[in-house]
Amino acid sequence: MNDAVLTVLIAMLGGAIRVSTPFMFVALGECLTEKSGRVNLGLEGTLVLGAMVAYAASYHTGSPWLGVLAAGVAGSFLGAMHGTICGLPRVNDVAVGIAMMLFGTGVAFFFGKPYIQPEAPRLGSIPLGFWSDSPNLKSALQVNPLFFVGILIAIALAWSLRNTRWGLVVRTVGDSAAAARAMGISVNWVRFLTTTVGGFLAGVGGAFLSLSYPGSWNQGLSSGQGLMAVALVIFARWNPLRCVAAALLFGGAGAIGPSLQSVGITQGYYFFNAAPYILTLAIMIATSSAKHSARDMPGELSMAK
Amino acid sequence: MSDAPLATEAPRDVIAASRAARSDFAVRLRANSEYVVIPLFALAIAAALFALFLVAIGKSPVDFISYVWRGGFGTSFSLQNTLQRSAPLILTALAVAIPARIGLIMIGGEGALVLGGFASAALAIPMIGHVPPMPTLIVMGLFAMAVGGFWVGIAGYLRYARGVNETISSLLLTYIGIAIMNFFVEGALRDLTDPNKPSTKPLGSAYMIGTIPGTEVHWGFVFGLVLCVALYFLMSRTTFGFAARVTGGNFRAALAQGLPVGRLIVTCSAIAGACAGLAGFFEVAAIQGRANASLAAGYGFTGILVSFLARHNPLIIPPVAILFGGLVASGGLIQRRMDLPDATVLVLQGLIFVVLLTSETLYGRFSIFKPPGEKDRT
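Residue numbers (the numbering used here), protein chains in the order written: chain A, 92 to 396; chain B, 875 to 1252.
Please keep in mind that the hints were generated in silico from the structure rather than gathered at the bench.
All clues given are correct.
Below 20 angstroms or equal to it, Euclidean Cα-Cα: the simulated DMTMM-like pairs (lysine to aspartate or glutamate) are:
1. K204/A to D1213/B
2. K1075/B to D1065/B
3. K204/A to D1216/B
4. K933/B to D1213/B
5. K1075/B to E1060/B
6. K1071/B to E1060/B
Please construct the entire structure, taking both the sequences and the accompanying hints into account.
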């Protein structure tokens, strides 16, 4: 019995690291976008398109890292589209996000059809479990380099938002567009750039889905991870480092189902599949308030009230 | 979203209304035609972009149009198929339009449809053989509406009581709803005699809802039309609807007026969910005959687009829903004859949606739509 519990816990650790990586990238992208005062709900579509493009590029070029780059470029195209459209007056960024979600998913399914069957080269992993004899631990600690790239990006983002000139510009635009305009900053241009970069990061998150874990391309690859990552940013109070921690928490929740399955508990598999959604909703309920706006929220953000 | 309500036309309506009092019909026509011309213009632009897309991948846009016509509208069979498919679109579009009137962007129609359909099937299975078909179907429909209404009502309540963003929460509830159905359909309620697809037990032909006499179209279409008219009157001709629109226009003003804002928000959300739940009931009782994963066919998402294109006006929803029902119905033909993937329709829908929302920026820019005296004001 103890062994089974240990197996589940180890599988959950490994699962948390694997499952959290796409959450982390999408959340970091959305965090940057929201810091500048705009919401991009379309990152779910960006994630799916990124996954498809990464798989296709890896299949054609034979290099999974080129796939990651291509996914980022595709994601930044969608981000730039969102950024341009929302720069027009009287356009609602939340509604455009929903439209971009449908558009990105549609385009990914359209061009992704021929890539469902073929095998593309995947991203390798770093075996961090070399010191252990336990095969479970070894397989759990097969960590994809993108996980560490994500953590580095989070640190860089947190540092530069706080300490650099462009970090100050982004925060000013996000907290008070009027003040930014008075300083001679082009609010639309800054938001366009943050949405584009945010799209790039979300696209890379998609590349992880198709090239590492689960590691194949199909139409059911992402079911709401992009959306949950957007909710996660509210929970992480717009701080890139807390985004990483929150992503790990979500990854752990997402790993419950598969981990239990690994020791033969298949009862309630669908219930545990729903765990991340329920957790997201619970966290949103716990951290929101009807009376005042969320802590540390950028002043220009209209979404969380 | 209470600070930036969707219904941005509210102040314009007020201006138009005050002018109409002392002006003539022509002025009103001119002011309102903006809301017809700009969406049609957006549709035309989206169609042109999609035609370019087809040309770029080496397909003929003319073929595409002719297949949409043949597959969706051209023959009596295809037209009936289109009406059949537009029934859930009408109902899921209402599920977006009603909350939009009160300033909420609810996109949980898909979840309420799936859960409502599943709940009605689960309720019916023990009743089959013991209760006659007609009462069973009535109870099923009411139960589907109650479950759907409860589901989207949660998102409305959380919005009011906890300030939880309703767009995200309603979509999360959709995923949870689909997971709940899968949990039961693959487990406790699975029909073990059917090895192919995890489903509930079939209702059996005696317990299926019939078609409108002389057609192949099921009754869901009629219910959709009736609900559109009823909800139009509710939202634009009753105190309730007026209070809801005031809340959507200015949340703080509604609070200051002492309107029961919380009750209005939850009621509008519950009505929305009930519409989508009813769509699920008709999918089960008229089309599928059982509940399974086919319920999550994306009607809830297409319904979002239908509602936005109809500018959340219940009376405009049916024609728009029929247009998109035809597009969905012709998907199979396009797939076979033009060798295009089934996601082609999704691409077109996404494109229309994006262009439509972009066109929001055009309102108020053209002086041709403004009453004569107002031309120099912006």
